[in-house]
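Chemist: Each protein sequence line maps, in turn, to chains A and B. Okay, so the first sequence: first residue is 1 according to the numbering used here, each after it adds one. Okay, so the second sequence: first residue is 1 according to the numbering used here, each after it adds one.
These aren't lab readings, by the way, just hints derived from the structure by calculation. One or more of the hints may lead you astray.
Said to hold, decoys possible - Derived list of chain A stretches under chain B, where covered just means 3 residues or more per stretch with a C-beta under 8 Å from a C-beta of chain B:
hint	stretch
1	10 to 16
2	75 to 87
3	244 to 256
All residues carry an ideal CB built from backbone N, CA and C; glycine is no exception.
Below, each chain spelled out in residue letters.
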Amino acid sequence: MFNQIYSLSHLTFATLSHKKIYFVGLSIGALLTLISLLLGPLGFEEEKRLSINFGLAGAQVGAIFLAVLSGATILKEELENQSAFIFLSKDISRSQFILSKFLGFILSLLVTLGILSGFFYLTSFLTGLEWTLKTLIPFTGIFVEALVLFSFALLISLVTSSLLTVGLSFCFFMVTHWVQTFEYLIKNNPNPLLKTLGPVVTWMIPNLESLNWKSHLTYNEWSEPNVYLISLAYGICWVIIFLGSSVLVFNNKDLT
Amino acid sequence: MSSVIRVEDVKKDYFVGLKHTKVEALKGVSFEIPEGSVTCFLGPNGSGKSTFIKIATDLVRPTKGQVHFFDNLNYGQARSRIGFVPEKPTFPGFLTPIELLGYVGAISKGFRKDQINEVLKSVDLFYAKDRPCGGFSKGMNQRLALAQALLSEPDLLILDEPFNGLDPDSRLNSVEILRSYAQKGKSIFLTSHLLEDVQKVCDHLVVIKEGRLLYQGEVQSLLKTTTFSIEYKSKTSDEILNFKVHEKDVTQSIKTILDQGHLIWNLKPDNQELTDIYKMLLEGK
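From just these sequences and the hints, can you work out the full model?
Modeler: Structural data, given as structure tokens:
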């Protein structure tokens with residue numbers, strides 16, 4: 001079973017890395033990171049901070065672009081061109097098929113983030129950032145955030161078109177970063193209905209802002225390690241929820 | 001003889017549109033395919049052929065009924081003994097046939113690496129084994145799809161429209177490949193619109209129309225000659241005349257011609273084409 005999943009994950013990785021969207025995502029991320037060098041001097045006293053923040057944002061944009069577009073197309077395309085039918089007719093279950101797609105995406109994401117973090121460190125060292133293990137923390141947040149978005153897009157792509165999936169996933173991304181603000185608004189709003197329904201809504205939507213640690217590196221203000229660990233576990237739980245739902249939907253779906 | 005596919009009352013309903021309109025793609029189809037046969041599944045567009053193929057290969061779940069393989073196995077249990085070629089397969093264009101078959105083989109039970117070259121030779125693609133399949137013609141792509149299905153030497157091949165969109169040469173090539181595979185005692189179940197090719201390769205036929213079974217049986221029994229053409233030379237005009245008679249009337253017709261003093265010039269059975277039979281079946285004759 002592991003050999004089959006490994007082979008299909010490898011093929012998924014190879015297929016993703018031959019796609020134009022992969023290079024577009026990578027180029028956007030790299031470009032934004034390099035632009036941070038130019039934007040730095042505009043920050044006067046804050047040159048270093050601006051460069052770091054913008055560089056990390058570049059890596060985040062690249063990873064999210066790749067996650068949403070890959071999630072929206074990875075199954076859809078293979079079902080449309082019927083190559084999925086060939087693999088599913090062999091000794092692999094639908095759950096294993098989804099799992100191998102997910103693992104293949106993880107490999108692509110690791111390579112993408114590896115390259116983008118390379119660009120980031122290159123530009124940041126020029127502005128005086130010292131490399132420590134801590135500087136990797138924001139990238140782990142971006143990594144898990146991209147996994148959440150990928151698994152969400154994968155789930156949505158099973159029930160609607162690729163275009164709509166991309167649109168909904170970007171909306172989802174924005175909403176997930178707004179949950180914290182929404183919680184704050186509810187807290188300060190006297191409306192009893194909002195006070196009752198608000199927490200339910202915030203429980204139902206992942207708060208991806210909790211994985212946004214760009215400012216920690218920018219301002220060199222770090223939280224306790226358990227904060228990061230809890231947030232990563234929280235993000236992974238959402239990945240499991242979306243991925244599990246995708247497996248359930250895919251297992252019961254007529255592949256026409 | 002044991003059956004390679006046994007279909008029991010398979011029904012499939014789809015619900016389409018906002019109003020959730022029910023469409024009955026298959027209305028309780030039952031039939032049996034004997035082991036070692038080459039069976040063609042025929043029917044007009046929208047008759048439920050593709051739906052059935054997808055149900056058989058577990059891509060679509062039936063509303064009711066079951067499909068059994070090799071007497072009593074479901075698809076999950078039998079999949080390692082089945083090779084499947086979908087209607088329009090496309091492969092990642094950057095992969096060479098060797099790489100593609102390597103990946104497919106890795107997820108197939110009982111696969112040996114040395115089978116790749118053998119299979120590529122059998123489908124006449126060995127010469128292109130190191131070329132990315134993105135540049136392949138439709139015929140080459142179809143042969144590659146066939147190669148992946150043949151990879152673990154399955155006992156049953158299921159092919160959805162394998163001759164579709166192929167030029168005459170490629171069609172002939174595909175027919176030859178299937179023929180030689182069938183000669184090894186393997187079973188083949190295919191759908192096709194190209195009756196000329198079907199007649200060349202198939203020995204059994206299943207015909208459906210509007211989701212219902214119309215016919216199931218041997219091609220040969222359908223193609224059995226039932227009419228004869230009689231040519232005779234008229235005693236008055238020396239002209240050669242001809243007419244067709246049903247086989248049961250042949251003796252009486254010859255007697256009448258001879259009694260009238262004409263000369264029997266030629267007597268030959270009419271060879272029916274599958275196309276005619278198929279049309280008659282669809283028209284309910």
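Chemist: Each hint: holds or not?
Modeler: Each hint, compared with the structure:
Using a Cβ-Cβ cut-off of 8 Å, 4 residues of the stretch 10 to 16 of chain A lie near chain B, which meets the minimum of three, so the contact claim holds. Coverage of a stretch by a chain is defined here by at least three residues with a beta carbon nearer than 8 Å to that chain's beta carbons; for the stretch 75 to 87 of chain A and chain B the count is 6, and the condition holds. Only when three residues or more bring their CB closer than 8 Å to a CB of chain B does the claim for the stretch 244 to 256 of chain A stand; here the count is 4, and the claim holds.
Checked against the numbered hints above, the structure violates none of them.
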